[in-house]
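Chains as they are written, first to last, in the numbering used here: chain Y, 1 to 282; chain W, 1 to 293; chain S, 1 to 353.
Because the hints were derived from the structure by calculation, they are not lab data. Note that this is a predicted model, so its numbers are computed, not measured. Heads up, the beta-carbon is just placed ideally off N, CA and C, and yes, glycines get one too. All clues stand as given, with none of them false.
Which residues of chain S face chain Y? A few of them, derived with a C-beta cut under 10 angstroms, are:
1. Ala89
2. Gln90
3. Ala91
4. Arg92
5. Thr93
6. Ala113
7. Val208
8. Asp212
9. Gly226
10. Phe341
11. Asp342
12. Asp348
13. Ser351
Here is what each chain is made of, one letter per residue.
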Amino acid sequence: MRPALSLRLKQSSVLPGFGVTLGYTLLYLGLLVLLPLGALVVKASGIGIAGIAATATEPRVAAALKTSFGISLLAAGVASLFGLLTAWVLSRYDFPGRKLIDAIVDLPFALPTAVAGIALAALYAPNGWVGSLLEPLGLKVAYTPLGIFIALVFIGLPFAVRTVQPLIAEIEGELEEASATLGASRWRTLWSILLPPLLPGVLTGFALAFARAVGEYGSVIFIAGNLPYVSEIAPLLIVIKLSEYDYTGATVIATIMLAISFSVLLLINLLQAWSRRRFGHV
Amino acid sequence: MSDLSAALVLTDSPQQSVVTESKLIRRLAISIALVFLLLFLVLPLVVVFVEAFRRGLAGFLAAFQEADALAAIQLTLTVAAIAVPANLVFGLAASWAIAKFEFKGKSLLITLIDLPFSVSPVVSGLIYLLLFGAQGLFGPWLMAHGIKIAFALPGIVLATIFVTFPFVARQLIPLMQEQGTAEEEAALTLGASGWRTFLTVTLPNIKWGLLYGVLLCNARAMGEFGAVSVVSGHIRGLTNTIPLHVEILYNEYNFVAAFAVASLLASLALVTLALKSFLEWRHGADLAGGTHR
Amino acid sequence: MQGNVLYVAGVKKHSPLRSLLPAIGLAVIGCSGLLTLSSAASAQTQLLNVSYDPTRELYREVNQAFADDWKAKTGETVSIRTSHGGSGAQARTVIDGIDADVVTLGIPSDIDAIAKATKKIPADWRSKLPNNALPYTSTVVFLVRKGNPKDIKDWDDLVKPGVQVITPNPKTSAGGRWNFLAAWGYAQTKDGSGDKAKEFVTALYKNVPVLDTGARGSTVTFAQRGLGDVLPAWENEAFLVLDEFGRDKFEIVVPTLSILAEPPVALVAGNVDGKGTRKVAEAFLSFLYTDKAQAIFAKHHYRPSKAEAAKPEDLAVLPNLKLFTIESLQGNWDDIQKNNFDSGGLFDQISKR
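Excised from the complex, chain Y in its bound form (with noise of 0.2 angstroms):
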C-alpha cells in the first residue's frame, strides 16, 4: 500500500484546478456561509459578554432554551433507540416489505418540515386519527411539550437509522458464531460482541438527531402550544424577539444556538476519529 501511495504522491500535483477550486470553495463558503454567521456573532458580541449572559438568563429565554435542549435530548435519545431497533430489523430479518420500509426511513429527510408540521398536528389534535384515541386516556399531544417530542423523533429517525445501518452490515458473521460455539447465550452476544461495534454510530446518529431536533423549526410550531415557559422552543423564540424588535435578543439566542450546533459538529468528528481508531471504520 505505502508505494503505491508514494508513487501517487509525486504525480498529484500533476492534476491541473487546486487553486481554482480551492479559491472558489473558499470564496464561496466565505461569502455565503462565513460572512453572514460572522455578521451574527459580530452582532451579537456588540452588547458583551455580560449582555449576552443577561439575555441567555432571561426566565423565558433561559425556559426556552431549556425545552429546546431537553426535549431535543429525549427525542434524539428514543430516536436513536428505535433507530438502532430498525437499523436491526432492515439489515438482519428478512420480511415482506422491507425494501419498501427501508426506503420511507428516509421520509422526514425529504418531507418538507411544514408539510410534516400539519400533518402531525392533524394527527395528534384532540380530534385527530391518533389524538382522538389518546384524549379518552388523558393523554394530550398536540399543543403540549409532548407534540413538540413527537416531531422530534420524526425529523431524528432517518439519522438515527442511517448512521446504524452500514455498521450492522459490516458485522462479520465469525464473531457471532465464535461467541455462540463457545457457549454465549444469544442475549450476551447481542450485548458484547455486536453492540460495542455499533456504539459509534448509535453516538452519531443520536448527535445528529439532536443537532437537527435542537434547531427544527417548521415541523414543531404547528404542533407545539407555543406558550412560554412550557411549550416554547427556542427558534420559535428567536421570530418572536425580531417580531418585538428585539434584534438584539434575537441575535444573541441565535449565536448561543450557533455555538452550541458548532460544538455538536466537533463532537460528531471527534467520535468519528475515534470510532476510526479503535474500530478501523467511520
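Got chain Y sorted already, so can you dock chains W and S onto it with the hints?
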C-alpha cells in the same frame, strides 16, 4: 393488525439459528419496529393525502386554480433552479479541491462546509436579514441603490443556498476520495486537457453520486420553510414559496387547499425517495461513502 | 484509504493570490446575476399593502374593488399585493426593509414603531387621513363553543379556574394587545384601581394554555384544533369563524364592556417616492374612505367610519355594547405601548413565573 401479522412471514434458514434471535423475538422486534414506523412515518404521509381529498377531486384541484398557488409553485421552481445549480458547482469545486489534493486545515474546511446542516433554519434566515435587512450591515447601502435582497427573490435564494449548502459537496467528497487520482493522471499523461479529463474521466465516475446529491439538495431546496419564512416577507403572489403558501392556506381555515398543496410537496418527497432508492439499488457501489456521513 | 494525508506536494506551487483571481471572477458573475434578479421589475404598477392577520378576506375584496375603480378612472391596471401576519411582526418587516407602499395594521403603536425606527412614515401620520387614519374600527367579543358549556357571560368568567382562554401573544399580535387592554380596561373601570387590573390580567393569562403569534393562529387553535373554552377575538374574526365553521358549532358572547379597537392605515412615504407609486398609493388609502369600500368593511363585520355607506343588514348584526378607548384610561400611545408591552412592561411582569 391482522394483515400486519400476515406480513411477518419470516424466512427461516437453519444454519442461521446460532447467529440470530428466536422466532418469537424476531417477530416481536419486527412488530415493534413496524408499528413505530407506521405511527411515525406512514400515518403523517397518509393523512396529508386523505385531508387533501376530503372534498373530492374537485376540492383538491380548486387549490391549484388560484393565482397565488401558481405563483408560489413558480417561485419555488425558480428558487430551486438557481440554488441547486449554484450548490452543484460549489460541490464539484469543493470536492475536487478536497478529495484530489492535500492541504492544511482540510478537516476544518469540511466541518465548516457541514456547518449549515446543523444551523437552525431560523438562524439561517436571520443571518441574511442581519446583512441585507434595512437595519442590517449592507441594508442602507442597498436601499440607497434600489437593490432588493431581503423580502425578495435574492434573499430567498440566498437562504435556500445556505440550508442546502453541504448536500452535493458532502456526497461527492468521500466518493472522489475513494476513487483516487490514478485515472485522471492517466488521462493527463495521454495528453488530455484538464477540463477534458474532468468531463470524460471524473464526471462519469461520480455521476450517480452527483445525481444523488442533487436529488437531496433539490428536495430540501423546494421544501425549506423556516429560513425562507424569515426572509420572505410573505407577500402573496410574489415572495410566497410552496411551503409558505401551505402555512397561509392553513391559517385561512382553508385546510383542504393547505393539504392539497402540501400533498404536492409530499409527492415530491415520495418521488425523491423512489429515485433515491433506485439509485442505491442500481448504482449502490457508485455512491460509496455517501450512505453514511 | 485515509492515507492521502500524505500527498502534500502539489499544493505549494500555487500562489494563493493567483489562484484566487479566477474564483473572484466567478463570484462577480454570480453577484451580478443576483443583482439582475433583484432589479427585474414588472411594467405593471404594483402596490404592496402590508397588513395584519385577520384582514386576509377583507383586502382580497377591497383590492379588487380598488383595482376596478382605478382602471375605470385612469385606464391603468394596478395590482395590489398583500402580506399578512401578526401586526407587530408585520411592522418589523417594514422596519427591516420590505418595500410596502401602504401599511394597514392592527394597532396605532405598530405604525408609531415604523415611524420611529425608519422615518419612512411621518410622526404625524394620524393627521394625514380622515378620522385619525381609521377607515374602520372594531372591538373584542368572545367566541365560545355551541351552547356555551362553561357559561361565559363577561370578562369575569375568563379568570375563573378551569376556564381555558385562547388569545394571541400581545408582543407580536395587535389582536393580542387589544384583548389584553380590553381585559385591563374592564377591570380598571369596574374596580377603579390599577393594582386590581393587574391582578385581573395576571389571573386571566394564567388561564391561557397557548399563545400564538397572530390572531389567526389563535383562531385556528380554538376553532379547528378544539383547544380552550373561550376565544376573545376581533369582532370581525369571530363572525368569520361563524361563517367558515358554521353557526351550529360556535356562538358569540358579547361582554358588558369592551374596547374600541382602532386599526389604522398609513402611507409609507419613504418607499412610494422611490418606487414612483405615491399617486396610486394615496388613491388607495383615499379609496378606503369611499362608500364602496366602507360597505365592504361592513360586509366583513368591521365597523365602518361612515355607517350610512354600509348596508343596514350588515350593521344590524354588529352587537350594541359599551366601548371605551384605551387612551381615555392610559394616556398617549407611546406610554400605552411602553408600560404594557415593551420589555419589562406589564405583560412581561405578569407572565414571569
